[in-house]
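Taken in order, these protein sequences are the chains called A and B. Position one of the first sequence corresponds to residue 1 (our numbering), numbered consecutively onward. Position one of the second sequence corresponds to residue 1 (our numbering), numbered consecutively onward.
Worth flagging that the hints you see were computed from the coordinates, not collected in a lab. Any given hint could turn out to be false.
It does not matter which identical chain is meant; a pair holds if it fits inside one copy or across any two.
[As the list claims (entries may be wrong)] Taking lysine to aspartate or glutamate pairs in the EDC-like style, the calculated list, with each CA pair at most 20 Å apart, reads:
hint, residue 1, residue 2
1, 27, 146
2, 286, 146
3, 47, 230
4, 27, 142
5, 244, 203
6, 12, 323
7, 306, 170
8, 244, 228
9, 27, 170
10, 286, 123
11, 17, 314
12, 306, 326
13, 318, 330
14, 12, 135
15, 318, 200
All values reported here derive from a predicted model rather than from experimental measurement.
Number of protein chains: 2
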Amino acid sequence: MSLGDPIRMKLKQSAAKIDGFIEEQLKPRRPEVLYEAARHLIEAGGKRLRPYLVLRSCEVVGGDADVAVPFAAALEILHNFTLIHDDIMDNDELRRGVPTVHARWGIPIAIAGGDLLFAKVYEVMTGAAGALSCDSVRDCIERVTEAAISICEGQVLDTSFPSLSDVSEEDYYAMIGGKTAALFNACSEVGAIVGGGGPEEVERLGGFAWNAGIAFQLVDDYLGATADEETLGKPVGSDLREGKKTLIIIHALGHASAEEREKIERVLGAEDASPGDVEVANGLLKSLGSLDYALESARRYAERAKGLLEPFPDSEAKRDLLELVDYFMERIY
Amino acid sequence: MSLGDPIRMKLKQSAAKIDGFIEEQLKPRRPEVLYEAARHLIEAGGKRLRPYLVLRSCEVVGGDADVAVPFAAALEILHNFTLIHDDIMDNDELRRGVPTVHARWGIPIAIAGGDLLFAKVYEVMTGAAGALSCDSVRDCIERVTEAAISICEGQVLDTSFPSLSDVSEEDYYAMIGGKTAALFNACSEVGAIVGGGGPEEVERLGGFAWNAGIAFQLVDDYLGATADEETLGKPVGSDLREGKKTLIIIHALGHASAEEREKIERVLGAEDASPGDVEVANGLLKSLGSLDYALESARRYAERAKGLLEPFPDSEAKRDLLELVDYFMERIY
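Looking at chain A on its own, in the form it has when it is part of the complex:
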């Protein structure tokens, strides 16, 4: 049994609870197609990592995870809203093994479906006020909103990178910070607030999740460059062909000779690059040490995340969060 098995079971248990709650919130109203479109990706699957962060962070500060369920659901709903809109922006046709919302219903319904989910995030949070002080709810709403703004900024940065010739490591981290880590950060902050954590605990758990989110994204990019087609769910070299500026690419371009650089740039953003050219470029990402560099960076963020949990007393929830980070890293092997 690999490390991933108990955590996978725990993710499933928490997912079942969240999914039941979300289903209640998205009961069809008129026009039904809008609600169908909004539920589509949620029903198609997903690991529910973000709700898991909310629930376990709530428990780490001694709170009752049941009280956090609506907030965990709200953050999963927010995540799915961003997926629907990102898929339109990135022109992606498949996700979680199913057609994306716009591929199935067209762009207008996909835009409205995403907007509906975004509104539902707030409906769920304000509706969950009963068990919590109004100030705590407002604090949660503020942090979720801040994350939503960061996601918009990160997504537009991501969209702009393929057409820029000079993207720095700093740009890359600003982009994944906005697109991925800000939401992770909000999840743990909200969980800690709902659990009654003090300001220092809230910031610390937020920092944990931020660093874990950066590690998660770095691993995602690493897998995008190394996994085979079956694991990846899309052709090898897709990231290269799409012109994505991952840390791997940025490192490689910064360390390549003029000739090597030319070989990488030949396939970067070239949808019709030949498999042979992709193989050559992929080989360079390895020989230039760029894959190792990204992996090392991911490990550093993962360690930083885990280090931030040290001051918390031992608990099952704390061990779960530490294991979650290991699980992010373990996907590589």
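For this one, chain A is given, so just place chain B on it according to the hints.
Below, chain B without anything else, positioned relative to chain A:
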């Protein structure tokens, strides 16, 4: 001097205050193109009817309009978010005399720009908490969210109508209720809450604005069918050619002979309908009494709106709201 002049001046005064506040909230951050796109339609103009409703409703219950400024701004931001996304969904290239956001920056930036505005609605509201009780802010957030959900539903209904052969009056009112009246309703409710109004006052002002919103939309549809190209800003018969199912069309189709029905349906949704055919169809909307029917309906909603204000003591703000309804109706003459 027509009735519209003092109200136009008052609208301008209140708009100046709101615009300054909004500008502060949308100060460019990175990536700047996102903020530029988000500000585009707001900077292009608009009458700021919704903030006006917020401020005057606040005063009608004895509140200080200055406290309501952030909420008035939030509701204008929400309105502009929906315009950006609606323009994508409706494939509209021009609004307020400028290219729409997606026409200028493309669909991805327009989606993200709208999403950013939607998030800003909540940032502004939670940030305005100082002068108000937390419970009042939460109440406002709930009502704004409810309106946002109605707008999504109304927009999808609107999108679906051109392809439906049988749209009833009830369907039409459900659609404009969601697309237009729900936001008007939220504006006056929020204004009344911020102004310290009791539950009965909040509901009554909300009802006023709901009915005024329905009247406003009916007049808009009337103008869409009768105004000349210059007033309209688009070719005569555009609504017909786009296949919009306004109350006018629904009435006409329900009262036409088989032959007349055929003449209307020939241009309904036919982008390339000839000017002659459009003129024939337009003539039928008049001779079947459909234009008068819509106008009568608008007048009825306007009277209902004004009637709901009766119990409030006389004040400048109350007179302003009554005049606003007259101004909606006056656009016809």
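Given identical chains, is residue 306 near residue 170, meaning Cα to Cα at most 20 Å, within a copy, between copies, both, or neither? So residue 306 and residue 170 fail the 20 Å test inside a copy (23 Å) and across (58 Å) alike.
My question is about residue 306 and residue 326: at a cut-off of 20 Å on alpha-carbon distance, are they close within one copy, between copies, both, or neither? Only inside one copy: residue 306 and residue 326 sit 9 Å apart there, 64 Å across copies, limit 20 Å.
Checking residue 12 and residue 135: alpha-carbon separation at most 20 Å within a copy, between copies, both or neither? neither (32 Å within a copy, 36 Å between copies)
If the cut is 20 Å between Cα atoms, do residue 286 and residue 123 qualify within a copy, between copies, both or neither? Neither, since 48 Å and 44 Å both go past 20 Å.
At most 20 Å between CA atoms: does that hold for residue 286 and residue 146 within a copy, between copies, both, or neither? Neither: 37 Å inside a chain and 52 Å across chains, both beyond 20 Å.
Measure nothing new, just compare the shortest in-copy and cross-copy C-alpha distances for residue 318 and residue 200 to 20 Å and report within, between, both or neither. Answer is within; shortest intra-copy Cα gap is 16 Å, inter-copy 49 Å.
Using 20 Å as the alpha carbon limit, work out where residue 17 and residue 314 are close: within a copy, between copies, both or neither. Result: close neither inside a copy nor across copies, 25 Å intra and 54 Å inter.
Within, between, both or neither: residue 244, residue 203 at alpha-carbon 20 Å: Cα proximity of residue 244 and residue 203: none, with 31 Å in one copy and 52 Å across.
Alpha-carbon proximity between residue 27 and residue 146, which holds within one copy, between copies, both or neither at 20 Å: between (27 Å within a copy, 15 Å between copies)
Measure nothing new, just compare the shortest in-copy and cross-copy C-alpha distances for residue 318 and residue 330 to 20 Å and report within, between, both or neither. within (18 Å within a copy, 66 Å between copies)
Residue 47 and residue 230: within-copy, between-copy, both or neither at 20 Å Cα: within (18 Å within a copy, 55 Å between copies)
Should residue 27 paired with residue 170 be assigned to within, between, both, or neither, using CA atoms and 20 Å as the limit? Answer is neither; intra-copy 43 Å and inter-copy 22 Å both fail.
Violated hints for the displayed structure, listed by number in ascending order: 2, 5, 7, 9, 10, 11, 14.
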